[in-house]
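Peer 1: So the protein sequences, as listed, match chains A and B. Be aware that the first sequence starts at 1, since it is given in the working numbering, and climbs by one per residue. Be aware that the second sequence starts at 1, since it is given in the working numbering, and climbs by one per residue.
Rather than coming from a laboratory, the hints here were simulated on the basis of the structure. These numbers come from a predicted model, not from an experiment. Heads up, the beta-carbon is just placed ideally off N, CA and C, and yes, glycines get one too.
Which bits of chain A does chain B cover? Going by a derived footprint, with three or more residues having C-beta under 8 Å, they are:
1. 70-77
2. 82-96
With a straight-line Cα cutoff of 30 Å, these simulated DSSO-like cross-link-like pairs (lysine-lysine) come out:
3. A:Lys74 - B:Lys114
4. B:Lys370 - A:Lys215
5. B:Lys370 - B:Lys231
6. B:Lys370 - B:Lys399
7. B:Lys110 - A:Lys74
Calculated from the model, a selection of chain B residues having no Cβ within reach of chain A, i.e. all distances over 12 Å:
8. Leu85
9. Val192
10. Gln225
11. Phe274
12. Glu339
13. Val353
14. Ser396
15. Leu476
16. Ala592
17. Thr606
18. Asp620
19. Ala646
20. Gln650
21. Ser654
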Amino acid sequence: MISWFHAQSLRHTGHTASHPPGAMVHAFLIHTLRAPHAEDSGLCRVLYSCVFGAESSPDDPRPHGAERDRLLRKEQILAVARQAETMCRLQQQASGRPAADLQPQPSDEPVPLHEAPRGAFRLAAGDPFREPRTAVWLGVLSFGFALVLDAHENLLLAENTLRLLARLLLDHLRLLTPGTNLLLRADRIEGILTRFLPHGQLLFLNDQFVQSLEKEFSAALPR
Amino acid sequence: MGTGSQSLTQICRVLTPQLGPGGSVEPILRCFNLTDDSVTAGRGGAGRAPGGGGMAAAGTERLLRQAREVRDEELGQFCARASALLRTEEPGPEAVDALRRLFLIVAATKYGRKLEDECVDLLQTALGPPPRPEPLQLLCAAILRETAPRPGLSLSCDCVQSPRQLSLVASVLLAQGDRRQVRSVGQRVFQVLESRQPEGPSARPLLPVVSKVASLAPGSFREDQANLLSKRLADWLRYASVPQGPAPSGGFFTPRARQPGPVTEVDGAVATDFFTVLSTAQRATEDQWLNVQAFSMLRAWLQLGGPGAPDTDDRSEQEGSSLSVLSAAASTGRLLPPERLREKAFQYCQRLVEQSTRRALRRADADLQKACLVEAVLVLDVLCRQDPSFLYRTLSCLKALQARLNGDPACVRVLLPLAQFFLGHGEAAAVDAEAVCRQVFGRVPAEHFHSPMLAFEFVQFCRDSLPLLGRHLGLLRRSFPGLLQLLAWNSPALTAEFVALLPALVDASTAVELLHALLDLPCLTAALDLQLRLSPAASERPLWDASLRTASCPDASQDPQLQGRLQHLLRTEASGAPERLAPLYPLLQPMAGCARVLQCAEAVPTLLRAFFSAVTQFADGALTNQLARLLLERSDSLYPVPGYEARVHQCGLSASTWR
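My request is simple: use the sequences and hints to build the entire structure.
Peer 2: Written out as structure tokens, the structure is:
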């Protein structure tokens, strides 16, 4: 006999079909970060975004709905970017980090990503995605990286993956070099995502596997 | 392509040295003989700006603006140029460059950009055989995805054989938002998976597609297909090769360099059992890669990978349904995954728990161990819900795990899914849920409030556990002071979560003390800051507000009265007896203006509104009046944060109207 509590728990955490679970990312994005104490110097810009699959839509897509669907998708991503940027800025202010943290250091030392500002926030159903989701964000210098996940996710894995992606992008796109612009490097970003987050699948990669994939990537897309 | 008349801007652009990565931004449409009066050619020649941040931001802004301002006719000509480059026998770097710009033009704006049909056709063709260079194919797929949904896309995966290309084509098709297309992609991927030869190209690119298809359109695979995939997954999970040293046939024909090395654990020891994601191999074999992917998609597959009723929209059946999951499972007609896969999954999780006791040599591997523990607990939870006969073996494994992790602050985030497991299965397994709760609520918030990720996960755990707590809900309610520490430290991130949690936290017995605590929230923030500063075990990078220098922080430990009040403020359980905290204000005065305290003070009015809204749901008039009066009384004995008193007073005035 299963008690009422057990049935309730099954029902609540049983992930009925309206909340598909499990290690998949809905979107990855890179956005700008403004200095914590700067005056309102421009808007938050999405520098790159990739949506894996699409939010479910009715089985008969109408042609004129396509433009609207795309517009909605872009606005959803921008909404996430804005909120991540705000959260990052507030966290930086609260911890009293100087604005100079946003500038790339002249030294060759790797950026300490474990200390970088990071966090998560919940996105309620309808705001802005149809399904409830969770966003995980990481701020490195003047770039924000974010993953949009299904609502009940392995956040530890997501956080690790985000840190890994940030490190790979910083290294392989040479984002620390002044003047380099990732806007015209989509092929390299895609090359990294294809290997380390294929179709939005979070991967349990130990260090050896990461190194292997990195070698593959460097061979396929040389600098 | 035909050129217009040479304008001044064109000439300037051609003459300006092409600034590459070391310089400033390249004009979006260089060298294609197009007029574009809005492009400011050659500006920003001094690429050696010292403060990279400001220059980079300006360059980015300029490039985005250029991309948006490209006119339709220009875009059309650009498409034609790109098409010409794509049509060549061996498209070179110029083609890649053109596609990079084309991608930026379509991605930079949320409004649709019209791409010429011929160009779109060529983009699609480039994804099929013969294989083009990878950067080119990646960009073609990216442009097609970026402009999705695109009605009338002729792209199809039917003729694509290579797994890598199939994966790229699939990424475009899955982005169209058409469930039928998702299903047909699933079918094709299944075909290719089944028909591939062992010595053929790696199947690695295909498993994530399977997983994505299953999550976008559950029920895409027939029962026999799902069973076959489950069988493969079970094999990859359990029987990935673990070579025990050099192959016996090694020698002249199998040079040593190409032999797989021994498999080790993350602490360097030679592997003792079957291969998992926590096993390392010098040169991973195909099935070891598939082992990694199989585990990565395991939880989703266990829940979604089964066959379902073919043409119903599963979501519309479930929404609004109040059936328990038992009858829900029956109504979807979804079968459980085969017993063999579930058994192998169980063994895999057990092995991961065992492997997590090892001390990893590399930090990244230590991080992975914790993520694996979380996943193992989540998978075991799924398995036990699907088949309670797993419960007995799981419980002994997880109880041992919990005992081991309890003293380890580095593993605190694993404690949460563990606690949720025990709460979820406690009734069936006679686990002392109260003890679990007490452990979690008692210590975790107070010791880890400063970790933003843990704070978020903890509050989420509280919200998710509400239905599981049952008669232990009182324990959660009495633990509100500990929860408020998380909120006080991370108010911007957690205010919305707390607003949602408040109705569950408030009852007649805690209402008064909770109201006091909410009003004292900024004071709590300051006290936590002080505690961190004075604590001997401070980390290298200060967790408190580093810009605030408090040279002479009065030592509270000298005065037992102050010490007592500080302890009350920092309590983790409701005491039932509110205390006046005003004597602490001088001690905490230095922190009153710091950013974290200010942020907290700004969040309080929202929390007060949510509080009163929750209270009016159950309280009688007497209690509500008492609380409203209390609010007004307290509003002139608050921790002196600039602007705080006025805001609370304002709340107090309107509180009497909240009914």
